[in-house]
Amino acid sequence: MWEYTDKVKELFLHPKNVGEIKNPDAVGEVGSIVCGDALKLTLRVDRETGKIIDAKFKTFGCASAIASSTALTELIKGRTLDEASKVTNNEIAEYLGGLPREKMHCSVMGQEALEAAVADYRGEKPPQKEEGEIVCQCFGVTDIKLKRVIKENNLRTVEDVTNFTKAGGGCGSCVPDIEKILKETWTGKKAAEEAVKPRRKLTNIQKIALIQEVVEKEIRPLLQADGGDIELIDVDGNNVIVSFRGSCRGCLMSDVTLKNIEKKLRDLVSDELVVVVE
Amino acid sequence: MKIVYLDNNATTMVAEEAREEMLPYLGRLYGNPSSMHTFGGQVHRKIETAREQVAALINADPEEIIFTSCGTESDNTAVMSAILSRPGRRHIITTRVEHPAVLNFCKTMARRGFRVTFLPVDKLGRLNPDELSEAITDDTAIVSIMYANNESGVIFPVHEITDIVKSRGALFHTDAVQIAGKIQVDVKKLQCDMMSLSGHKMHAAKGVAALYVKRGTRFEPYIIGGHQEAGRRGGTENVASIAGFGKAAELAKGHVDSGSSKMKDLRDRLQQGLLDTCPGARVNGDPLNRIPNTLNISFEYVEGEAILLRLNEYNICASSGSACTSGSLEPSHVLRAMGVPFTAIHGSVRFSLSRYTTEEEIDFVLEKTPPIIKELRALSPYVQEEGEI
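Sequence order for the protein chains is A and B.
What the first sequence shows, in my numbering, is residues -7 to 270, in sequence order.
What the second sequence shows, in my numbering, is residues 2 to 390, in sequence order.
Here chain B stands alone, though its shape is the one from the complex (with noise of 0.2 Å):
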């Protein structure tokens, strides 16, 4: 059976074309792009190009893109260069909704001393930038909010962030993990100081990120190693992968407003046909304001590894907030933070379309997910008759 896969705020697909570009540093040429020979040199023409093509991406110069192994590297990179370069400041700004990539990285660094500050976020997962207003002080050396949460998909203001954050002279970088390619992203306009990005959520490979530094920004290096990346990260470049992500963000630059708005017409036919056939479903998250690929949705009284696994019987993958599927027993840190109900924080599903995702797709999906919240909700002890609660 053909695989439906609605999961591409987790990982997407290696678009044929980036596969491709990747091939020949897995087989032939395989120098070593700091070499002195052209066998070497060749390669690090590559990566040059690749750095090309990412920076245009977001309306970057290429000098302003370090090549990472991860977002996750290129977030722990950001605030930790942030409060080297400013010993003074011991204060750091980030959200409650944060990926752990930043949120995690914030609570190691509140236990060694440096204050932090989470800032909430409302029913509907927005941020209020009165709320950076108020928390932010002449002691903040950074602060990283994400331009969009992978959970929700909601965007936040992050032109207005930037502005609140220049005024205190703190430095503002942002998770653009799950926005770039998706929609219109432009460094030059939004004058943040940095700013993450991840090929494997764009159609490149796994293995490969990069982070934008504002030309002029000081930045102290994460990785301490070799001259590579002009000193800012050491350690051999992950060549292959670096070659696919600059192809990656070429197509996506290329589909930023086509891709985009079929991504949303089916997105919004599939919460449309959901909410229409499924009792107690509820999407959580601004309507108005998300990620057009992102629906987070909400089947109250049903639990979400359950619906995840029957929904697998039919290879349809998608991801849940349920705490049964997080291993740790907590349900989502983002759908609390919303202050969504228990009942509806447990039912949560998470669909994520790309640009490569069907109308047949979603139409499969509309007629497999009903019947199934149908059954889980005859098993529910919290619902009594057919739809009565």
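Bound conformation, chain A alone (with noise of 0.2 Å):
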């Protein structure tokens, strides 16, 4: 059972400013079903003053989530948007008296529903979405919301990073990756990129044996501990054929899957491989 602060508890059980404002000035909306929860945030702005006269949520999410939407509107209410702007999720945590670690994750989704939501009032692309590159696959987080997270929460561990953002809480597959960037992030250099990759080109023979020996060494491992498996069919030009075995078979998150592997047999063999399902 999470340990909720009274705060979080009277405020999941009589949420305030909840629904939608008609025809509002600005709507900011983050989150998915998949991932397990998501906001809406709809907004009436003063156009002469810039004021936040009123702000409405809809959330689908677990008690920290409805508490923090519940904050995250008392916060910016009556605030003008550049005001608002500077809420942190630490602001929406305090005000609740603190959250479970593991649920952090909810305060920033409440910021990252309210920046959606400026950008939309200010007509810019909403933040984010457009830009970095994605590092969890599961939950869609990207290397720039993850830099920022971390620096603004000082977080030193993957499982803080997972406690405020859920990326690596899924199958796993980027922890690596989130120790390169919070190496990054503190040390100020990139990790030194390990040298697998044979710099000269392959012959075909040489190439065919290389995927072989990653598909067994690094591929499948990790596949079979979660009940899947993978089989090398062919290997046509730079197309790796693969077929799905055990549970990765009419899996939900097989594309992800088929993505990562790719990416490591790029990472590892060729940059020109494509990973193709049978």
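These are computed hints drawn from the structure, not numbers from a lab.
Here the structure is a predicted model, which is why all the values come from computation and not from measurement.
Keep in mind that the hints are not guaranteed to be accurate.
The calculated lysine to any residue pairs, modelled on SDA-like cross-linking and capped at a C-alpha distance of 20 Å, are [claimed, not checked]: (1) B:K369 <-> B:N313; (2) B:K108 <-> A:E125; (3) A:K255 <-> A:E125; (4) B:K108 <-> A:P213; (5) A:K8 <-> B:P382; (6) A:K209 <-> B:H92; (7) A:K256 <-> A:R212; (8) B:K108 <-> A:L214.
Hey, can you piece these two chains together into the complex? The hints should help.
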């Protein structure tokens, strides 16, 4: 059972500002039902003063997600958009008297919904969506978001990064990447790339042998640990043809798995490889 | 306020009779059952009585029962014993919906070089024995498949599984912790090689469980130490809990028929009532072949932890397969294996009854739940207007 503060419990049982503003001046939507939480924020803004006159939310999520949504709307009402933009996830958490560490991502979701709404009001692209490279495929978290949340919350471990962003909490295959980003953020330099990839051009036989080795040693053990498996069917030029086995067959995440396999083969064998399912 | 406890697949209340049976062994009868003196010897006799009682529940012989500390230990022991006692075979078969006690053990074995097949289930959580026939080979050391699933309540075709496993000379272990004591289990008819049972799932105390090992099955102990349990499980016995387990097994045997039909009636009443009153509700798991106490129901577009905490306000205890309750951000592996859509996995609630559950309690849940679902749906961005998605 999670240890929630009285404030979280109170705002979960009696949330404030629930609903949707009709014809809103700004809308911010974040999260998705697949991830397990989502927030839709609607704002009424005074065009003259730039002040947020009203804010309402609809949230799909657990107690802390619902309480964080109330906290967010209470914190921004009456502020100008500029002032409101400065609200951080920490302020949301503080308003609630703190959140369990594992639930900090709920406060981050509140902050992101606000950012999205402000961007919507200003007619800008929603932040992060378009930028950065996705690190965590399971929850769609980009490197830019990771770097920002790591800095703002002074995060030092992968576990903390997962608590705040969910990244790494799904299949776990991006954990090494998160470690790299943590290192980069706090040492200021890029982690030395482990030079595994051969520099010179491979012969066909060498390429196939290397692909086989990577599939056997790097990829299959990871999949098997989750009840899945893969079979290498053929290598045709730069097309690596595979077939899913075990729980990978028909798995909702198999597209993500395929991308991860391709990335691994590109990292370790050749940038030109394309993985296709038989 | 009274507790309405509908989380009996997690653990159960210790039956009063079982508790009474334990108390002397937490007090004056503290002797070590391995001692030579009468003071210890009488404790030893109590353990043997409990062994007879537990054996009787599943129609085993007392010598076929090994007491362990928990269901997880029984499961780990079974799989480990099978692979140690048949070193030539390097293949394990289990299912994707197994309890972590088997699932994670098998994943660990996969990392240590064993080949592991995780059999899928269909949308209703059912296992197709043909999948097993296809997967099993002469290299298969053990097939470990649960008798009934703890989350969906679905009962697996263990008799057919036994036949398939026998035909290839592998061992069959079944985790029966959720079914023993609820419906009739008979190892003589089933002919499985090993079966796990757990005390606290059948109104005994925590910290005691059993592993049935069919006579003549090659066995390697997992906890190695003294000669306790005929050398099959070292460590001084948890005497009080074992005494209570024996009594609880005896009680369960007496209730198997009457208790089950009462539980089933109440479970069905709860199910129908919730389906009738809550929009977007759906039952997870084969409605025709479930243990009589389990209802896994999803309320679409609302989140399980939120439902549980609202129910908690009325002291109603249930559980959920939602990611938010797991602590790992991942929703239930069982519901995912069944292909339940994410909209419904996150809003899943498991109600699990016991033979002590009353009609009043079920009616109380039926009164309190629909308004909770309605309020949470009003909060959900995926529900536009009342009833509309």
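### Those earlier numbered hints the structure runs against, lowest number first
Number 2 only.
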